[in-house]
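Protein chains in written order, with our numbering: chain X, 1 to 577; chain Z, 1 to 80.
Wrong hints could be hidden among the right ones.
[Stated by the list, open to error] Some chain Z residues close to chain X (C-beta under 10 angstroms, calculated; not the full set):
id, residue
1, 17
2, 21
3, 36
4, 37
5, 38
6, 39
7, 40
8, 44
9, 45
10, 56
11, 57
12, 60
13, 61
[Said to hold, decoys possible] Listed next, the in silico DSS-like pairs over lysine-lysine satisfying Cα-Cα at most 27 angstroms (straight line):
id, chain 1, residue 1, chain 2, residue 2
14, Z, 64, X, 16
15, X, 428, X, 273
16, X, 199, X, 227
17, Z, 54, X, 199
Hints in this document: simulated from the structure, not taken from any laboratory.
We put the CB at the ideal spot given by N, CA and C, even for glycine.
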Amino acid sequence: MNPNKTPDLSYSRLAKQGKRLDASKLGSKLKVALLSDAASQQFVPVLRALFADNGVDATVYEGNFDAIELEALDANSGLHTFAPDIVYIINSTQALRARYYDHGIEPELPRIERVWDALAKHAGCRIVQCNFALPYERPFGQYDLKCGNSLYAATRDLNTRIAQLAAQKNNILLCDVESIAAYVGRREWFDDRLWDMSKTFCNLEHLPLVAQAMADIALAGSGKLVKCIICDLDNTLWGGVVGDAGPHGIEIASHGDGEAFYRLQKFLVTLQKRGILLAVCSKNDRANAVAAFEQNPEMVLEMGDFAVFVANWENKADNIRQIRDTLEIGFDSMVFLDDNPFERNLVRNFLPDVIVPELPEDPADYVRAISALNLFETTAVSAEDLSRAELYKVEAQRRLAQASFTDVTEYLKSLQMKVVLERFPAEKIARIVQLFARSNQFNLTTQRHTEAACTQMMQDEANVIPLCASLSDQYGDHGLISIVVARPEGDALRLSDWLMSCRVLKRGVEDYLMNHAVSIARERGLRWVKGQFIPTSKNAMVKEFYAQFGFESADQLNWILDTQRYSPRETFISAAG
Amino acid sequence: MSSVKERLNAVFQDVFDDPNLQITEAMTADDVDAWDSLTHIDLIVAVEKAFRIKLSTSSVRGLKNVGDFIALITSKLEAG
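So here's chain X without its partners, still in its complex pose (with noise of 0.2 angstroms):
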């Protein structure tokens, strides 16, 4: 997500951007497929630009002209030899709108599937289907929808029927055109003319909007997820000075211009369900800003809510540091609510990696102009994502509890940690894409992969050794914080990945997997452990990973150990069960 994310979507803008792009100085490289009934060529520098401004250099490869089922399906097609590690499906509703009129609607879904199926099959990447922008023809004018064969009424069921399937599916992912269509409005969104003169689909001012949305679900897939909103409290999450008015005079739902503010918080609500963490950093007496929660009764969101809470007069730059260091996640996975652009710019300037969405003046604007942003897209949501909040409160509680030991080994005995510690179970792939897509700082190697990579992985029982560790303690379950793979090669065993939510730093966990992978090892009679570091902007906390078992090295990247030489790491965790 760039945090100095552009309002300006201009075509023009970025058409040229795309065209002048000095890939060299970007960090990351993405193969990008193109398959579309349409014409795609607009789409290959405004999406070169969108991924350059999150510093990925992305390699377009554009399918024929309304080819999507033979590039798909013909294992030697140029898509197949360009070998993408994403393909997109651009579908568009005058190209439907002919096949309608010849077949009808019913050889649409099975023919998105065979070209779903095609692309598992012979890519093994992942896939990205656009839906269907509403026609806006209506020959039975307000009856429309009670006649189900009517191109606008079938293009809807069409649309639920792409989602209903794509449901089933965890390789295929959504970009749902038509939301983006509808927002604009489809009197602006359609242009003939474009269409007839060169198969453009769309109003050309309004295609940076689906490049947007289509690059945003290649970065979430990446790791570059919004993990946290950190907001202020006076005139941002309610109207008015809670110092000032007191916990009852703060403007909030039928208070006042409290409206507002009640969807804000509902919105943040939302969020915060699906797993995504808040926190407070307001400049306010902690004590008069917890009484607006506490006591006002019509607040929507509640102490509870908050992962961290930071109400004092310290600068907010510092306190946002402090709010990671307690969550311990990226800065570039937070985003930060304020509506004092003094303090926007000071976070801005100290904190350059934080996202700071600029904030309309009227409260009323605030919900609509953060989700235009669409700062939170996702590929996946799992059963953890929607107790996260909880795990992290339980964090809060442990961390209380720490300042209570002085000896940091009598605090790890009396947390009564348990491992489960098991080769990928089939319930649990879900997890484990998105722990391999979302870690960044404690992860070796930084590989990303797809659901299908890690499901044959569970499979190869005889070359791949997957395994996955969930971890709990007296104060709750941690659910699946590391993943582990190991490779038996020829008289050693190989480390491909290994990585662990930075949420369990610091507990043995890492240790107890060690210890595991050596009597792995010598198990099976090898006597080597090989593992490799490959530094990424992130991982620098795992540089020494190795060095600190006692691997060695001549280049700090691959690293070795002789399983004589190893003695197991003492820890305080049992195996479960």
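Based on these hints, arrange chain Z on the given structure of chain X.
Showing chain Z alone in chain X's frame:
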């Protein structure tokens, strides 16, 4: 107010991202490297925006050179 040609020249410079580009009445797509069918669409959309006019598919198809373009824009502006 600058002439239609001057304003059109600015649109060309913007679309082709070339501040030195100078249009002439006789100029055609063959004379400008980046002027392909794709940028042609970009050009028409940019002209419509700059001059606040709408151009029909058939009138756009009839354009032979930049001179035709200027004449088309002028007639649209006069028709108001």
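Query raised in the report: Measuring from the C-beta of residue 36 of chain Z to each C-beta in chain X, is the shortest one below 10 angstroms?
Result: holds (9 angstroms)
Query raised in the report: Does residue 54 of chain Z pair with residue 199 of chain X here, judged by a C-alpha cut-off of 27 angstroms?
Result: Measuring from Cα to Cα gives roughly 18 angstroms; hence the hint holds.
Query raised in the report: Straight-line Cα separation of residue 428 of chain X and residue 273 of chain X no greater than 27 angstroms?
Result: Holds: residue 428 of chain X and residue 273 of chain X sit about 21 angstroms apart, inside 27 angstroms.
Query raised in the report: Against chain X, is residue 57 of chain Z within 10 angstroms by beta-carbon distance?
Result: holds (5 angstroms)
Query - Minimum beta-carbon distance criterion (10 angstroms), residue 37 of chain Z to chain X - result: Where the cut-off is 10 angstroms and the nearest Cβ of chain X is about 6 angstroms from residue 37 of chain Z, the hint holds.
Query raised in the report: Would the stated hint for residue 44 of chain Z survive a check requiring a Cβ distance to chain X of less than 10 angstroms?
Result: Status holds, d = 8 angstroms.
Query raised in the report: At a threshold of 10 angstroms, is the proposed contact between residue 40 of chain Z and chain X supported by beta-carbon distances?
Result: holds (8 angstroms)
Query - Status of the residue 17 of chain Z interface restraint (C-beta, 10 angstroms, chain X) - result: holds (5 angstroms)
**Report entry** Agreement of residue 199 of chain X and residue 227 of chain X with the hint, judged by alpha carbon distance not exceeding 27 angstroms
**Finding:** violated (39 angstroms)
Query - Status of the residue 60 of chain Z interface restraint (C-beta, 10 angstroms, chain X) - result: It holds, given that the least Cβ distance between residue 60 of chain Z and chain X is near 7 angstroms, below 10 angstroms.
Query raised in the report: Minimum Cβ distance from residue 38 of chain Z to chain X below 10 angstroms?
Result: holds (5 angstroms)
Requested in this report: Given the hint that residue 64 of chain Z pairs with residue 16 of chain X, test it: the Cα-Cα distance must not exceed 27 angstroms.
Outcome: Holds, at roughly 25 angstroms.
Of the numbered hints given earlier, the model fails hints 2, 16; all others are met.
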